[in-house]
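These protein sequences, in sequence, are chains A and B. For the first sequence, the working numbering gives the first residue as 1, with consecutive numbering after it. For the second sequence, the working numbering gives the first residue as 1, with consecutive numbering after it.
The set of hints was computed from the structure by calculation and includes no laboratory data. All values reported here derive from a predicted model rather than from experimental measurement. Be a bit skeptical, because a hint or two may be false.
Unchecked claim - In silico negatives: residues of chain B with every beta carbon more than 12 Å from chain A: (1) T14; (2) H59; (3) T159; (4) L229; (5) L253; (6) F282; (7) L300; (8) E369; (9) L384; (10) L447.
Claimed, not checked - Label pairs and their in silico Cβ distance ranges: (11) B:K193 - A:G147: 30 to 40 Å; (12) A:R160 - B:K469: 40 to 50 Å; (13) A:G161 - B:P303: 29 to 39 Å; (14) A:A225 - B:E210: 51 to 61 Å; (15) B:A38 - A:P38: 50 to 60 Å; (16) B:P428 - A:A225: 20 to 30 Å; (17) A:H87 - B:E62: 21 to 31 Å.
Even glycine gets a Cβ: it sits at the ideal position worked out from N, Cα and C.
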Amino acid sequence: MPQAQLFLTCLGDQFYTRTLQNMTLLLERLGVEIVFPPEQTCCGQPHFNNGFEREARQVARNFLRAFSRSEAPIVGPSGSCVSMVKHHYPELFPPGTVEHETAVEIASRVYEFTEYLVHVLKVTDVGAVYPHKVTYHASCHYLREMGLKTEAKTLLNAVRGLEFIPLTEEETCCGFGGAFTVTYPEVSRAMMENKVRTILASGADTVITCEPGCLMNIAGGLHKAGSSIRAMHIIDLLASK
Amino acid sequence: MSETPTYIGFETYTEHIPPSIPAAVQQATGRFVGGRAARVAELPHFEQLRQIASDIRLHTIENLDFYLERLAEQVTAAGGHVHWAATAEDARQIVLDLARRHNVHLVVKSKSMATEEIALNHALEAAGIEALETDLGEYIIQLAGTGPSHIIVPAVHLTKEEIAAIFSEKLGIEAPADPVELTRIARQVLREKFLRAEMGISGANFLVAETGTLVMVTNEGNGRMCTTLPDLHVAVVGIDKVIPDWDSLTVFLKLLARSATGQKLSTYTQFITGPRRAESEFGPREFHLVLLDNGRSNVLRDPLGRQVFKCIRCGACANVCPVYKNVGGFAYGWFISGPIGAIFAPQMLGTPVARELPYASTLCGACAEVCPVKIPIPAILRHLRRRVAEGDSLAPATMPAPIRAVAKLSAFALAQHWIYRLGARILPLVMSIFRRGDWIPSAPYPLSRWTKARPLPPFTAGFRQWWQKRKTGL
Ligand code: SF4
Chain A
1 MPQAQLFLTC
11 LGDQFYTRTL
21 QNMTLLLERL
31 GVEIVFPPEQ
41 TCCGQPHFNN
51 GFEREARQVA
61 RNFLRAFSRS
71 EAPIVGPSGS
81 CVSMVKHHYP
91 ELFPPGTVEH
101 ETAVEIASRV
111 YEFTEYLVHV
121 LKVTDVGAVY
131 PHKVTYHASC
141 HYLREMGLKT
151 EAKTLLNAVR
161 GLEFIPLTEE
171 ETCCGFGGAF
181 TVTYPEVSRA
191 MMENKVRTIL
201 ASGADTVITC
211 EPGCLMNIAG
221 GLHKAGSSIR
231 AMHIIDLLAS
241 K
Chain B
1 MSETPTYIGF
11 ETYTEHIPPS
21 IPAAVQQATG
31 RFVGGRAARV
41 AELPHFEQLR
51 QIASDIRLHT
61 IENLDFYLER
71 LAEQVTAAGG
81 HVHWAATAED
91 ARQIVLDLAR
101 RHNVHLVVKS
111 KSMATEEIAL
121 NHALEAAGIE
131 ALETDLGEYI
141 IQLAGTGPSH
151 IIVPAVHLTK
161 EEIAAIFSEK
171 LGIEAPADPV
181 ELTRIARQVL
191 REKFLRAEMG
201 ISGANFLVAE
211 TGTLVMVTNE
221 GNGRMCTTLP
231 DLHVAVVGID
241 KVIPDWDSLT
251 VFLKLLARSA
261 TGQKLSTYTQ
271 FITGPRRAES
281 EFGPREFHLV
291 LLDNGRSNVL
301 RDPLGRQVFK
311 CIRCGACANV
321 CPVYKNVGGF
331 AYGWFISGPI
341 GAIFAPQMLG
351 TPVARELPYA
361 STLCGACAEV
371 CPVKIPIPAI
381 LRHLRRRVAE
391 GDSLAPATMP
401 APIRAVAKLS
411 AFALAQHWIY
421 RLGARILPLV
431 MSIFRRGDWI
441 PSAPYPLSRW
451 TKARPLPPFT
461 AGFRQWWQKR
471 KTGL
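If we strip away everything but chain B, and leave its shape as in the complex, we get:
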């Protein structure tokens, strides 16, 4: 995983997208969308569930201090250790210290967005500790040396041929382009590592404050191995993942897999409360929970923007997003992609770094329609665009001056109807120079950016004259 980006150039990236990416992404997401639709149709109370889920998440975010304290108390009471990490650097240090203290050489990891966020693998490697991703998708992108391109399907952008090529190159074997065979190869490599690893690192889908329980929702079973085989289990989790109690958990478990993959429930749902019990001979001897802030407290100051933390990372918004499906996940420049990425990165990294992302949407609203926790993504996109264009109490304006000037001038012209009407008379004359038959095949800048892809209809602006003539002629 790459380090935290310093500037996310969405436009530059989208100018040269390998065509294999949208093809692979559209195929996989199409399956999920179909599956989700079928599951939703089966559940008569789906809309009510969404509303309840949204209410619970909002309530939790608005009372985060309370629930985090409760969570920490309960984790400690269950024999776990809680660490508060204000920054990514703090979180990395905490994990590295634990590794050093326990003389760890090999770490097995289950899928975790929080460790992508803090680029933990790099830090471990730099400290001479081998860190191995054990989720198949994560393993593939680790071999490929990239970050994830989808929240739940990190290697969604790769075809089986490409994966086979990566396996062959990195593992020095002849890997066939056959998913079953590729999985078998990965399993063989990973099995052996599971048994040797001294530390298992995971994320969490939810943290239940009521009992201090970490909940993991997975499909491959590797998560269980990571959290039970090694003597030490370290979970790195964003502070936004806390939920009040088990009652609320049932709501989210009903929504998560259905929204994500179109499953009723994922294959494994794991509940971890503290380390192994004194009377038990299985499970890790120590359990550490690293609670990651990394700028979240700052984002929480924004009443609209903070709704981004309602997210349960199902990926449904990306699966239906026509922009995501045509650009893939890397265009979003950080570990969370798709519509949620477009409202996450600009808030977490700041608009100077990610000012292009709020504009990476047609505001079509497909995301908000499927989001299981009803995050008003288009409204937050507009809100962040306002931050970029005009600045607000959280950040100054970052929109380039020429664009701001165009906005000001055009608004001035549109607010005085006589200027607008004068323009509407002149424009057709000027544009008629570029007209060829029924179309304007290529227009001057900035409309040239439109005509690159398709012609422009001619400016006719004839209604007002027609109306006038008709009125006076009647």
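Bound conformation, chain A alone:
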């Protein structure tokens, strides 16, 4: 039986209990044994992205400790956090050190959730049913850093009853950007409102993203706009029966 270590991500941990439960149940249903390292906190991306490399290293050390106890692949519901571990952890520690080796080793077995389904488990149909009009926002790091261009759509495509509606400017950033939302709130707002406008115009009743950060931003924006369109993490849609 394959094992996977659950990487909650701090936003998931704080805000998306249901999504994490669904992720656990879905993977178990697909025959994966879930390992949960409770010492995990955050991947350190907020510090890394804002120039605090020393601090990012501190946080990363905790992550490396937490996930080194098992040799199982690490799976997280965020392309952005997974990219941090996969692409930036090895940069954080000088080559030749034990920490660098650990970082490289951990980086080699961390997967974003849809990536894990499609490329490791080789599953594209999870048996979900969702008879709705669904559109999709391609999150930036998921798309460009992880290079996941087709995975989410492949999974959505197999969902019974789902009518897929392409989103205008699908690949344009929604304005989340982590600390960016509080550093330059007005710019973040303008970007979010553009994204919400395209979603409202799409005619869909559900918008999907693979990123907790974008989800918070877009769901909040839709609520503020008085819209009843549901913003969901792809995991929650795939868990629908």
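Once you have looked at the hints, place chain B with the ligand on chain A.
Just chain B with the ligand now, kept in the frame of chain A:
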């Protein structure tokens, strides 16, 4: 054009952006993005071309001394004069001296970012010399009294109604809001000046070291007039514009217009090697090339940061940048805007002046995806953020102390999992005070900056308990 800024307040600017700016910018850039995509799709080797272009630029930057020397030799051999300007002030002095020596009263200029960089128009005016921009966009912003808001479309932020109003006010005529008519008016004014000007000033898109040739890529034809009609042609060009040879030029010419406007080639591609030949009766009698350093040598010491000089100024990064499209070019505070501006100004002016710019990005990566010379803009943004937050060998930290303290404290808490877990228990309780139904409509500072624009989902942090219960219950 305004003088060199002493502090660029990106946030302050973005708090009050006239809504007409993003509207105009989004319309124009949308057209370019579409055009670029079509051209890229036609060219099967586009990705290879980008890689070659990137390699050539990197090689040139890493051997800049060699190519600059070669260039200077060739320009001189072709009968031109080369001037080295270490600073903006030096460059202005060189141009002013030339103007004085030739008794110049009127200068016609074609579009040049380097002269924006050194604020040359102000210096000329102060010396009593009339300097007229002849690129239509540049002419408009000169009348409006502002700098450019886009690398290749300086007046992109203005609507045709606004341009008509500027023409009417400054030229004392009734100008209609019709692009064709506005162009005709500008042409009329400019024609007459071209014939009278004693000096033409240009920039360059490329300097070919092999033959000392200045290459200009334009769409309006005004550049040709500026560089051929007056007796004196002065080109002010950053030292980063040199390329090795004509073979490399073909690569850049394939990429530039396609990336910039979605054209296969711009309307005019001009090659200028020295002044008029002895046997010829056309062209300027003297050709002067002012090579501008203005801090570039200093930036070149940084192996990652110096990749900023690979830039061929196509503007593609701005056209796809969601931040740029919502704030416009003036938010970047200097003559180069958009993602490239966000990595240019902090290096050229220093992080004390431009420390806000590296943060003016969500690191979405759209810029790096289109950049024809593959500048790793997000990586350089992070690199410069590090310079701001922690300081490095080129500059000390400039991040305000309270933010540094927050970063340190939060990292400490996140690195000890028991503190984090304790926090994850307390936070939902504290935040429940602010919860209204399924949302937190307004949260205390600093999250208030989030809830200004949209509500926050409630802190649930319930997974760990669920997992624990399930494990023990199983
Ligand atoms: S950074 Fe790249 S995309 Fe942006 S203007 Fe320069 S060459 Fe063009």
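Quiz prompt | Numbers of unmet hints, in rising order | solution = The structure conflicts with hints 1, 8, 9, 10, 11, 12, 13, although it agrees with all the remaining ones.
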